[in-house]
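Chains as they are written, first to last, in the numbering used here: chain A, 3 to 474; chain B, 3 to 474.
FYI, nobody ran anything at the bench for these hints, they're computed from the structure.
Since the model is a prediction, treat every value here as computed from it, not as a measurement.
Any given hint could turn out to be false.
Copies of the same chain are indistinguishable here, so a pair counts whether it falls within one copy or spans any two.
Dumping the calculated DSBU-like pairs for lysine-lysine here, alpha-carbon to alpha-carbon at most 35 Å [stated by the list, open to error]:
| id | residue 1 | residue 2 |
| --- | --- | --- |
| 1 | Lys244 | Lys256 |
| 2 | Lys368 | Lys141 |
| 3 | Lys148 | Lys368 |
| 4 | Lys148 | Lys199 |
| 5 | Lys119 | Lys368 |
| 6 | Lys244 | Lys148 |
| 7 | Lys33 | Lys458 |
| 8 | Lys368 | Lys33 |
| 9 | Lys119 | Lys33 |
| 10 | Lys33 | Lys244 |
| 11 | Lys117 | Lys33 |
| 12 | Lys199 | Lys141 |
| 13 | Lys458 | Lys207 |
| 14 | Lys117 | Lys148 |
| 15 | Lys458 | Lys199 |
| 16 | Lys322 | Lys368 |
| 17 | Lys141 | Lys394 |
| 18 | Lys368 | Lys244 |
| 19 | Lys117 | Lys458 |
| 20 | Lys141 | Lys119 |
| 21 | Lys458 | Lys287 |
| 22 | Lys244 | Lys394 |
For reference, the chains in residue letters:
Protein chains: 2
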Amino acid sequence: MEVTRLLHITLLITLLLYFCQAYNYETYFYKQKVDHFSFADPDTFNLRYLINDDFWDGNGGPIFFYAGNEGDITLFADNTGFMWDIAPEFNALVIFAEHRYYGVSLPYGNDSFTKLKYTGYLTSEQALADYVELITYLKSAIDGAKNSTVVAFGGSYGGMLAAWFRMKYPHVVQGAIASSAPILQFTDITPCEDFGKLVTADFSKESPECANVIRNSWAAIDSVTRNEAGLAWLTQAWSLCKPLKTPQDITSLKNYLVNVWTNLAMVDYPYPANFLAPLPAYPIKVVCSHLTEANNDPKPLLEEVFQGLTVYFNYTGDSKCLDINQQADSRLDDYGWDFQACTEMVMPFCYNGVEDFFEPAPWDFKSFAQTCYQTWGVYPRPFMAVHMYGGKDISAASNIVFTNGLLDPWSTGGVLWNVSETVVSLIIPEGAHHLDLRGSNPDDPPSVIQARMIEKTHIQNWIDEYSARYDE
Amino acid sequence: MEVTRLLHITLLITLLLYFCQAYNYETYFYKQKVDHFSFADPDTFNLRYLINDDFWDGNGGPIFFYAGNEGDITLFADNTGFMWDIAPEFNALVIFAEHRYYGVSLPYGNDSFTKLKYTGYLTSEQALADYVELITYLKSAIDGAKNSTVVAFGGSYGGMLAAWFRMKYPHVVQGAIASSAPILQFTDITPCEDFGKLVTADFSKESPECANVIRNSWAAIDSVTRNEAGLAWLTQAWSLCKPLKTPQDITSLKNYLVNVWTNLAMVDYPYPANFLAPLPAYPIKVVCSHLTEANNDPKPLLEEVFQGLTVYFNYTGDSKCLDINQQADSRLDDYGWDFQACTEMVMPFCYNGVEDFFEPAPWDFKSFAQTCYQTWGVYPRPFMAVHMYGGKDISAASNIVFTNGLLDPWSTGGVLWNVSETVVSLIIPEGAHHLDLRGSNPDDPPSVIQARMIEKTHIQNWIDEYSARYDE
Numbered sequence: 003m004e005v006t007r008l009l010h011i012t013l014l015i016t017l018l019l020y021f022c023q024a025y026n027y028e029t030y031f032y033k034q035k036v037d038h039f040s041f042a043d044p045d046t047f048n049l050r051y052l053i054n055d056d057f058w059d060g061n062g063g064p065i066f067f068y069a070g071n072e073g074d075i076t077l078f079a080d081n082t083g084f085m086w087d088i089a090p091e092f093n094a095l096v097i098f099a100e101h102r103y104y105g106v107s108l109p110y111g112n113d114s115f116t117k118l119k120y121t122g123y124l125t126s127e128q129a130l131a132d133y134v135e136l137i138t139y140l141k142s143a144i145d146g147a148k149n150s151t152v153v154a155f156g157g158s159y160g161g162m163l164a165a166w167f168r169m170k171y172p173h174v175v176q177g178a179i180a181s182s183a184p185i186l187q188f189t190d191i192t193p194c195e196d197f198g199k200l201v202t203a204d205f206s207k208e209s210p211e212c213a214n215v216i217r218n219s220w221a222a223i224d225s226v227t228r229n230e231a232g233l234a235w236l237t238q239a240w241s242l243c244k245p246l247k248t249p250q251d252i253t254s255l256k257n258y259l260v261n262v263w264t265n266l267a268m269v270d271y272p273y274p275a276n277f278l279a280p281l282p283a284y285p286i287k288v289v290c291s292h293l294t295e296a297n298n299d300p301k302p303l304l305e306e307v308f309q310g311l312t313v314y315f316n317y318t319g320d321s322k323c324l325d326i327n328q329q330a331d332s333r334l335d336d337y338g339w340d341f342q343a344c345t346e347m348v349m350p351f352c353y354n355g356v357e358d359f360f361e362p363a364p365w366d367f368k369s370f371a372q373t374c375y376q377t378w379g380v381y382p383r384p385f386m387a388v389h390m391y392g393g394k395d396i397s398a399a400s401n402i403v404f405t406n407g408l409l410d411p412w413s414t415g416g417v418l419w420n421v422s423e424t425v426v427s428l429i430i431p432e433g434a435h436h437l438d439l440r441g442s443n444p445d446d447p448p449s450v451i452q453a454r455m456i457e458k459t460h461i462q463n464w465i466d467e468y469s470a471r472y473d474e
Numbered sequence: 003m004e005v006t007r008l009l010h011i012t013l014l015i016t017l018l019l020y021f022c023q024a025y026n027y028e029t030y031f032y033k034q035k036v037d038h039f040s041f042a043d044p045d046t047f048n049l050r051y052l053i054n055d056d057f058w059d060g061n062g063g064p065i066f067f068y069a070g071n072e073g074d075i076t077l078f079a080d081n082t083g084f085m086w087d088i089a090p091e092f093n094a095l096v097i098f099a100e101h102r103y104y105g106v107s108l109p110y111g112n113d114s115f116t117k118l119k120y121t122g123y124l125t126s127e128q129a130l131a132d133y134v135e136l137i138t139y140l141k142s143a144i145d146g147a148k149n150s151t152v153v154a155f156g157g158s159y160g161g162m163l164a165a166w167f168r169m170k171y172p173h174v175v176q177g178a179i180a181s182s183a184p185i186l187q188f189t190d191i192t193p194c195e196d197f198g199k200l201v202t203a204d205f206s207k208e209s210p211e212c213a214n215v216i217r218n219s220w221a222a223i224d225s226v227t228r229n230e231a232g233l234a235w236l237t238q239a240w241s242l243c244k245p246l247k248t249p250q251d252i253t254s255l256k257n258y259l260v261n262v263w264t265n266l267a268m269v270d271y272p273y274p275a276n277f278l279a280p281l282p283a284y285p286i287k288v289v290c291s292h293l294t295e296a297n298n299d300p301k302p303l304l305e306e307v308f309q310g311l312t313v314y315f316n317y318t319g320d321s322k323c324l325d326i327n328q329q330a331d332s333r334l335d336d337y338g339w340d341f342q343a344c345t346e347m348v349m350p351f352c353y354n355g356v357e358d359f360f361e362p363a364p365w366d367f368k369s370f371a372q373t374c375y376q377t378w379g380v381y382p383r384p385f386m387a388v389h390m391y392g393g394k395d396i397s398a399a400s401n402i403v404f405t406n407g408l409l410d411p412w413s414t415g416g417v418l419w420n421v422s423e424t425v426v427s428l429i430i431p432e433g434a435h436h437l438d439l440r441g442s443n444p445d446d447p448p449s450v451i452q453a454r455m456i457e458k459t460h461i462q463n464w465i466d467e468y469s470a471r472y473d474e
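Taking the hints into account, I'd like the entire structure generated from these sequences.
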């Protein structure tokens with residue numbers, strides 16, 4: 003009896019640690035220029051950053067700098083345990099900088115997304131320049147930081163930023179850990195169908211039946227929702243927060259599903275986690291345990307699908323209904339990313355329904371561009387990122403570790419080969435989206451443990467190399 | 003008699019070649035975005051570029067790309083004979099791109115310098131992005147250029163651009179010849195007095211007396227121009243186009259002199275040339291041959307000075323009067339550079355009159371910034387270039403040849419050490435400002451001949467290295 007109780011308490015503490023990983027930091031703001039590259043706009047704004055010096059060797063110890071990506075920076079601070087785990091052994095100062103136009107770092111406050119003349123400064127180049135100014139300021143303002151080695155960290159788009167940061171400003175960052183950074187997910191570099199194929203593979207690996215249930219679900223939705231009774235049935239069967247009424251609602255529902263299956267592939271971690279949503283260990287396995295009868299009639303098939311969806315939207319049991327407008331942690335702000343995807347971060351995706359389980363959808367740049375223009379008043383520049391950062395041609399770079407998990411659909415746009423002696427690629431076969439950046443966990447597969455060790459070796463090399471300048 | 007005549011004709015042809023070096027090119031325009039880094043301003047403009055394919059191997063031959071600097075691009079095309087000289091042996095396509103806001107590449111036409119919202123896009127970052135877009139376009143548009151190696155060339159600020167171009171966009175340019183590129187002429191890197199000391203040394207090397215005449219001339223001007231008679235005398239003695247009247251006129255006159263002595267140090271070439279002005283060989287020697295009596299009274303001293311000035315402003319004998327507003331070739335547009343110097347290219351200069359021959363003038367950033375604000379409505383960002391490009395910390399760069407002539411005062415802000423195996427510094431002891439970029443000349447000193455040979459070796463290496471990618 004006592005033992006069972008103790009087990010329960012242990013389980014409770016473990017769950018608390020998983021879901022409320024609270025790291026310690028102080029919050030500051032740094033005044034940034036809205037435009038770092040021209041002088042036509044004199045505006046400034048406050049960029050938020052988080053800082054922790056608990057472990058720091060104030061006599062030149064390194065700076066671990068997280069290059070914030072598309073969300074509230076606290077989300078990334080809470081989900082980048084690797085930096086916190088290794089900060090003590092490196093005696094590092096830990097900094098998380100928020101990406102402009104996300105979280106509370108809004109250059110024009112509530113107006114930031116209202117007009118192109120306000121929103122237009124949301125680009126990766128401007129964000130990197132923010133980080134240059136912030137680090138330069140901190141190194142001069144913090145006693146003992148003047149000669150500190152700076153290591154950039156980032157996952158996903160943050161990993162792209164970390165890698166590009168080192169490429170463009172090697173005098174500011176001495177090395178970069180770029181985790182799950184799809185710097186090749188651009189036009190004419192990575193085939194648009196690869197991403198969806200890998201999402202599908204993650205499910206069909208559990209069981210081909212599971213993937214087939216999803217593949218068949220699109221037609222089942224269409225068939226069921228042809229009339230009002232069906233719309234009402236699905237609304238009720240799936241506990242939707244808002245009743246389905248129009249064809250647009252069906253499109254939104256399908257978009258939600260596309261995102262859920264994709265997100266599950268991204269966060270298929272080997273232990274319970276709460277990155278995009280609170281989820282059990284290996285969530286795809288759990289989802290697929292419900293998706294077993296692909297040949298069912300539409301209604302029973304969709305009931306199966308709902309059992310799977312429940313794992314995603316209601317693992318905690320706290321959700322009263324399924325809100326198809328809430329695809330992931332609300333701290334991931336889709337507004338800003340929609341603008342970035344419509345301007346510089348044009349990443350082509352396409353599905354054919356055969357090699358993947360999605361509804362067939364070709365990549366239609368023209369219609370995509372038209373939608374962007376309607377939404378934001380701007381046409382995309384699909385080659386901007388490649389022209390700026392080089393696409394596949396990164397042979398002149400140095401001191402970057404690219405890591406990719408092979409479960410992660412974003413790995414299809416990642417750097418999967420060793421570029422040079424100092425620009426290396428680590429493959430984590432059992433890894434999902436930036437698993438290596440998460441805190442260490444008893445259930446980590448050996449491949450991620452090894453990847454982290456190699457990352458640490460590189461970090462030490464960068465520190466040794468840079469420190470040697472000041473030892474002479 | 004006949005021999006003398008032949009000599010005369012030969013001399014005439016030689017002079018014609020010196021002064022009318024006409025290289026062959028076609029002129030084109032490419033539509034550029036005014037702002038490459040943000041989406042707030044949708045404007046575009048036409049950037050001029052010159053192109054010559056006479057020598058080009060249209061099957062992947064290299065592209066020699068001059069990164070235009072602060073002037074009409076034809077001036078640089080006419081004065082960068084090195085590129086034209088070696089294009090045939092490399093079978094290279096020759097391109098000269100005009101820098102935005104100079105020559106005819108004015109983003110807002112005649113309004114370009116009227117308002118900060120028009121002028122504000124005149125920065126080195128935007129100019130480099132223009133070149134990225136232009137080269138990327140040309141490589142895709144010109145048959146056979148797709149896999150061409152691109153070598154950037156530039157002198158002075160153009161050399162800074164060439165070096166930075168390689169640092170920031172190594173996927174676009176495979177190597178850079180950065181001639182007399184003072185990338186270290188910024189706050190807290192190079193002492194502000196070094197430049198004036200080297201100008202002075204160029205004159206005192208001819209004779210200490212020569213430098214002393216100039217050193218004494220400032221007081222002589224003050225003494226003579228104390229009254230109206232003196233102002234009239236100096237106006238007449240120096241054949242000034244506009245009579246001296248106000249103290250402001252005296253300041254302008256002195257500024258003119260500072261520029262003349264500086265320009266002479268820059269273009270102290272071993273043969274007659276016409277870069278900033280038509281000048282004889284070793285113009286400082288010729289000037290100094292007139293500046294021999296430093297202890298003269300003010301008026302005879304200033305008469306001496308005028309003899310020296312005549313070498314600069316009227317070597318051709320065509321000038322009817324001395325125009326102190328015409329400091330150099332009118333194709334060097336001071337308007338744009340004044341804005342750049344007031345914003346990003348803040349280069350501190352100071353004089354003490356002891357180690358140099360100028361009137362003492364400390365570097366007064368505050369008053370400089372105030373003047374900039376009054377003129378342009380903008381405050382300088384003195385650390386912008388260093389934050390963007392790294393200042394002295396260029397250890398991560400590759401494939402750059404920095405060349406500096408030790409006669410050239412800009413060499414004090416140049417890279418005078420080998421940074422790595424592929425980022426090297428070539429010193430040309432007898433060289434003035436980017437002498438190596440000029441066409442070969444019978445009177446070239448051996449050091450520049452050797453420098454050019456080493457430059458060619460590096461260029462060949464870059465071509466070999468890049469071409470190897472496509473041979474496999």
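Evaluation of the provided hints:
Proximity of Lys244 and Lys256 under a CA criterion of 35 Å is satisfied intra-copy only: 14 Å inside one chain copy versus 79 Å between copies. When the C-alpha separation of Lys368 and Lys141 is checked against a cutoff of 35 Å, the pair qualifies only between copies, where the shortest distance is 24 Å, while the shortest distance within a copy is 46 Å. Taking CA atoms no more than 35 Å apart as the test, Lys148 paired with Lys368 passes between copies only; the shortest distance there is 26 Å, against 49 Å inside one copy. Taking the closest pair of Cα atoms, Lys148 and Lys199 come within 35 Å of each other only across two copies (32 Å); inside a single copy the shortest separation is 47 Å, beyond that limit.
Proximity of Lys119 to Lys368 under the C-alpha cut-off of 35 Å is found in both arrangements, the shortest distances being 24 Å within a copy and 32 Å between copies. In this homomeric assembly, Lys244 and Lys148 never come within 35 Å of each other (Cα to Cα): the closest approach is 55 Å inside a single copy and 54 Å across copies. Taking identical chains as interchangeable, the C-alpha atoms of Lys33 and Lys458 lie at most 35 Å apart only when both belong to the same chain, with a minimum of 33 Å there against 47 Å between chains. Taking CA atoms no more than 35 Å apart as the test, Lys368 paired with Lys33 passes between copies only; the shortest distance there is 21 Å, against 39 Å inside one copy.
Taking the shortest alpha-carbon separations for Lys119 and Lys33, both the intra-copy value of 20 Å and the inter-copy value of 22 Å come in at or below 35 Å. Within a single copy, Lys33 and Lys244 get their C-alpha atoms no closer than 42 Å, and across copies no closer than 49 Å, so neither meets the 35 Å cut-off. Both within a single protomer and between protomers do Lys117 and Lys33 lie at most 35 Å apart by alpha-carbon distance, with minima of 22 Å and 25 Å respectively. Taking CA atoms no more than 35 Å apart as the test, Lys199 paired with Lys141 passes between copies only; the shortest distance there is 33 Å, against 45 Å inside one copy.
With identical chains, the CA atoms of Lys458 and Lys207 are at most 35 Å apart within one copy only, with a shortest distance of 32 Å there and 57 Å across copies. In this assembly of identical chains, the alpha carbons of Lys117 and Lys148 never lie at most 35 Å apart, being 40 Å within a copy and 39 Å across copies at closest. Proximity of Lys458 and Lys199 under a CA criterion of 35 Å is satisfied intra-copy only: 32 Å inside one chain copy versus 49 Å between copies. For the identical chains of this complex, Lys322 and Lys368 are neighbours neither inside a copy (40 Å) nor across copies (63 Å), given an alpha-carbon limit of 35 Å.
Taking the shortest alpha-carbon separations for Lys141 and Lys394, both the intra-copy value of 32 Å and the inter-copy value of 17 Å come in at or below 35 Å. When the C-alpha separation of Lys368 and Lys244 is checked against a cutoff of 35 Å, the pair qualifies only within one copy, where the shortest distance is 32 Å, while the shortest distance between copies is 62 Å. Neither within a single protomer nor between protomers do Lys117 and Lys458 lie at most 35 Å apart by alpha-carbon distance, with minima of 44 Å and 51 Å respectively. For the identical chains of this complex, Lys141 and Lys119 are neighbours both inside a copy (32 Å) and across copies (33 Å), given an alpha-carbon limit of 35 Å.
Taking the shortest Cα distances, Lys458 and Lys287 sit within 35 Å of each other inside one copy (31 Å), while across copies they are farther apart (62 Å). In the homo-oligomer, the alpha carbons of Lys244 and Lys394 never lie at most 35 Å apart, since the shortest distance is 44 Å inside one protomer and 60 Å across protomers.
Taken one by one, the earlier hints fail for this structure at numbers 6, 10, 14, 16, 19, 22, listed in ascending order.
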